[in-house]
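Chemist: Same order as they appear, the protein sequences are chains A and B.
With this note's numbering as the guide, the letters of the first sequence map in order to residues 1 to 396.
With this note's numbering as the guide, the letters of the second sequence map in order to residues 1 to 396.
Source of the hints: derived by calculation from the structure; they are not laboratory data.
Do not rely on the hints blindly, as some may be mistaken.
Below, computed lysine to any residue pairings styled on SDA-like, alpha-carbon distance capped at 25 Å [unchecked claim]:
1. K92(A) / K297(A)
2. K297(A) / V240(A)
3. K396(A) / E360(A)
4. K321(B) / E285(B)
5. K190(B) / E151(B)
6. K25(B) / D376(B)
7. K227(B) / E347(A)
8. K63(B) / K227(A)
9. K55(A) / M336(B)
10. K55(B) / Y68(A)
11. K381(A) / E49(A)
12. K121(A) / Y12(A)
13. K55(A) / Q48(B)
14. K63(A) / K92(B)
15. K191(B) / G216(B)
16. K25(B) / Y68(A)
17. K63(A) / E151(B)
18. K63(B) / A197(A)
19. K92(B) / G286(A)
20. K63(B) / Y12(A)
21. K321(B) / M336(B)
22. K63(B) / K92(A)
Number of protein chains: 2
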Amino acid sequence: MDISQIRFASRYDGISGSAIREIFKMLAVPGMISFAGGNPSPASFPEQELAEIAKDQLLKNGKTLLQYGATEGYGPLLESLSAYVEERFGFKASPKEILPTTGSTQGMDLLCKALIDPGDKIVIENPTFLGNMQCMHLYQAQLIPAPCDEEGIETDALEEIFRTEHPRFLYVIPTFQNPTGKTLPLERRKKIAALAAEYGVIVAEDDPYRDLRYTGEELPSIKSFDKEGWVVFLGSFSKVISPGLRVGFMCAEPGLLRKCTIGKQSTDVHTALLNQAIVDTYLREGRLMPHLNEICKAYGEQCSTMLSLLGGCGGIKSFTKPQGGLFIWAELQDDMNALDLLKICVENKVAYVPGTHFFEGGGHLNTLRLNFSMSDVGTIKRGMEKINDVFTKAAK
Amino acid sequence: MDISQIRFASRYDGISGSAIREIFKMLAVPGMISFAGGNPSPASFPEQELAEIAKDQLLKNGKTLLQYGATEGYGPLLESLSAYVEERFGFKASPKEILPTTGSTQGMDLLCKALIDPGDKIVIENPTFLGNMQCMHLYQAQLIPAPCDEEGIETDALEEIFRTEHPRFLYVIPTFQNPTGKTLPLERRKKIAALAAEYGVIVAEDDPYRDLRYTGEELPSIKSFDKEGWVVFLGSFSKVISPGLRVGFMCAEPGLLRKCTIGKQSTDVHTALLNQAIVDTYLREGRLMPHLNEICKAYGEQCSTMLSLLGGCGGIKSFTKPQGGLFIWAELQDDMNALDLLKICVENKVAYVPGTHFFEGGGHLNTLRLNFSMSDVGTIKRGMEKINDVFTKAAK
């Protein structure tokens, strides 16, 4: 027998790896202006502070940080996270309701592991974050797209889905959603928390962009309206400190969190302690809020520059006006194809992600996602000029 | 509906978390001498070197290390690992055949994800490493224990299992096995590689203790006899640099490794880049071999002290004589019960792990695992005296 003929587990049927990651490989050429990525700006990384923190922590506390740790998390970080979620997200979580994860991606993996048998149903926003859709597909879940309007999930339609489909959970990115940049309004947040309890459906609230707000008023998290533990909060430091450190966290009802903790034991035992200690120190020393003020200033200018240029861009039928986050979502005229136009754009050294990749079942060929965090204002102007040229020609 | 009544995924049926971790909680009292753990000695951690490396890497290369990285791994580490496995493990692996993992525990998780549908068969040594048994159970595999003698897996019996049971893979810890300390001899290593190719069965070779050799001659890895890619090598730096950093790696045939890489995309995206860069620097600057010489000297004395005291210990029928690693395995007289005796030992402030936990299906109540890495020579003497007292009384 030849090893190239081995049978893989059935969870891989139809899975081919991230389409977006394949696009990124195509973009690794000099001079490319990429609005495709979802990365935070390297300019936002506080590497000098983190270098000092890493060294200090290892010198002061190395014997602990280099040893095996508890799956349940590094004690000091659990304390910092408990204070952080109360201050920033408006809900209380004791250390027993918090699990540090190796990026919030792991939170979704552990939640699927805890809840999903093949064929079980998960309700998603459509479009939504591709990486977590792939995670759900690997658990052989059936993904049910919820109808969305310009403010996000329509809660009447959601109730009907809860009532008739009995999903295991709802996956929602309520603030500056990826890929659309939309933010779910207050009343819908309350309603989703109420529906979760009424129908006994877990809500996975993924809120990594929330702290990147450039205009408008903060909204309470869905979890802050959760009385009985139906909402699982997935938190991340990837967009506000560093994605390379791979530190996120989840907050959940203790029984459910225990299953996630057991799942994590045999996945990576625990999240690296040095990385947990770095994030703990950053939070504990009050460094996050001043850092956020600084990065939001730059991101805000980039966002408003792109929004103003989209207003005059050829071929564009409509686009979202996010008050924060990393992404703007645009619709081309109905007969235009963002997949085909990407090829012409890439020849002209500018790129975005076609929106079709973010929809369960594809389609929506006239949509695209634009990222503004990775390009400075000048680059955004040059890139949008190129896009305007390509789209204007195609619209004729 | 009350959230305490939610249904969890069927993979959790019969899973209750690690029994060993529950024992560890019981041992967190002052004055306890624990031979129960499997941790490397904190004295072995090079925290001052790592503090300098972490700081330097973040200052020189922070913009890269703090950004998202490729799931496939940090380029410089892939090069270092390629050189490392050729030098230390005697096989060639190009960067395309290597995947850095978040501890080698993640390697087993990704391998099960790639290969195991519920009910699929995995052949294990019996006893074997508890953490990976839990991982296999969470993938709903059927575990088939292979007969083992004093040198490890009996290859004639293994061939019969391969022929009749068609397992998806064999899991083997060939060097200073956990929990037994046994080392598989050369001929059996060759034979396992040959059987894998003949019957088309993947072999997962987990070799984290290999570099901790105190006496005797090194043996080639099973993977070094693998011509066609049937052997997957799981490597770890947890026992030789630091477990808290959570950096391991797997080497596999590119088609299989690709499935593991896709699985990793939606598990933790990539292993933290700072941690990959720290291990890369440590290897690249030639720090590992001098460090190993130093820690093996101390561990070797601890090992020989415990072995000599076991020779005169009451109640002991036999024990293994490992040439390296972290563990010694002992059998009590047939009517003695290591589970019951642990309670008396803990009252006397000394602890081990009852062997029954390491067997699929339990039983073997007269066996135990002793760790010598976490206690200095004086502590080993005091602890073994306490154990001798308890076992001698029980043997009467």
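Chemist: For each hint, tell me whether it holds in the structure or not.
Modeler: Verification of the supplied hints:
no.	hint	in the structure
1	K92(A) / K297(A)	violated (29 Å)
2	K297(A) / V240(A)	holds (13 Å)
3	K396(A) / E360(A)	violated (30 Å)
4	K321(B) / E285(B)	violated (34 Å)
5	K190(B) / E151(B)	holds (14 Å)
6	K25(B) / D376(B)	holds (22 Å)
7	K227(B) / E347(A)	violated (43 Å)
8	K63(B) / K227(A)	violated (41 Å)
9	K55(A) / M336(B)	violated (50 Å)
10	K55(B) / Y68(A)	holds (22 Å)
11	K381(A) / E49(A)	violated (32 Å)
12	K121(A) / Y12(A)	holds (18 Å)
13	K55(A) / Q48(B)	holds (9 Å)
14	K63(A) / K92(B)	violated (34 Å)
15	K191(B) / G216(B)	holds (22 Å)
16	K25(B) / Y68(A)	holds (14 Å)
17	K63(A) / E151(B)	violated (35 Å)
18	K63(B) / A197(A)	violated (44 Å)
19	K92(B) / G286(A)	violated (48 Å)
20	K63(B) / Y12(A)	violated (34 Å)
21	K321(B) / M336(B)	holds (21 Å)
22	K63(B) / K92(A)	violated (34 Å)
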